[in-house]
Amino acid sequence: AQSVSQHNHHVILSEAASLELGCNYSYGGTVNLFWYVQYPGQHLQLLLKYFSGDPLVKGIKGFEAEFIKSKFSFNLRKPSVQWSDTAEYLCAVTPKGTGRRALTFGSGTRLQVQP
Amino acid sequence: NAGVTQTPKFQVLKTGQSMTLQCAQDMNHEYMSWYRQDPGMGLRLIHYSVGAGITDQGEVPNGYNVSRSTTEDFPLRLLSAAPSQTSVYFCASSYSGTGLDGYTFGSGTRLTVV
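Those sequence lines, one after another, are chains A and B.
Residue numbering for the first sequence follows the numbering used here, beginning at 1 and increasing consecutively.
Residue numbering for the second sequence follows the numbering used here, beginning at 116 and increasing consecutively.
Hints may contain errors.
[What the hints assert, rightly or not] 20 Å max Cα-Cα, derived SDA-like pairs, lysine to any residue:
#1 A/Lys69 - B/Lys124
#2 B/Lys124 - A/Lys49
#3 A/Lys71 - B/Ala197
#4 B/Lys124 - A/Lys58
#5 A/Lys96 - B/Asp216
#6 A/Lys49 - B/Gly166
#7 A/Lys58 - B/Gly217
#8 A/Lys96 - B/Lys124
#9 B/Lys124 - A/Pro40
#10 B/Lys124 - A/His43
#11 B/Lys124 - A/Gln38
[Said to hold, decoys possible] Derived coverage of chain B by chain A (criterion: at least 3 residues anywhere in the stretch with Cβ under 8 Å from a Cβ of chain A; other residues may be distant):
#12 151–158
#13 190–202
Source of the hints: derived by calculation from the structure; they are not laboratory data.
Positions of the beta carbon are idealized from the N, C-alpha and C atoms, including for glycine.
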């Protein structure tokens, strides 16, 4: 079965700082990759997703992520964070072929942006 | 409005009590799943279903039962609640299960077991 690792559990940044959150996955086949965000007290919201093609994908709110197949990684980046980016960020995968047809999430990264 | 509806939103149980968390969707999605969210652990998959009559276990299935008698409903049953089941529970649905068409999440059920 697939698994996802997020090694940054809690990140504190000042406004305007650059952000990079790590995500690595483990699976015997190919996967689809996702980043979700959960603002305090709100639903999960899709930031971006990668299925195929250009490994650099752009999402909402200025976020982007790069899929590096050789490293099994899908790191999330933003050049300049804002206080409103304070949230929980979750990386997730689904298998492309056979396998568990449900999102498998990492443990999440809590981002705190200080004004 | 189309979407995933979870009930109840909040629940307090005593240890050993049973209850069912309801999840319903009106989008004709084949794939439905249940997650629990705990601090520092992200969302962990409890059970999932790829269609009516078909269910399978996720990462943390112990203590939970599911059934899928219709496409629309996917209830989660706690047979004998334990304090370790205190969590926020989310139901999600998808047409294909791959995420290509997106996943829709419910608003969650916050369960406390005392």
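Taking each numbered hint in turn, which are not upheld by the structure, reported in ascending numerical order? Hints 1, 2, 3, 4, 6, 8 and 13 contradicted; others consistent.
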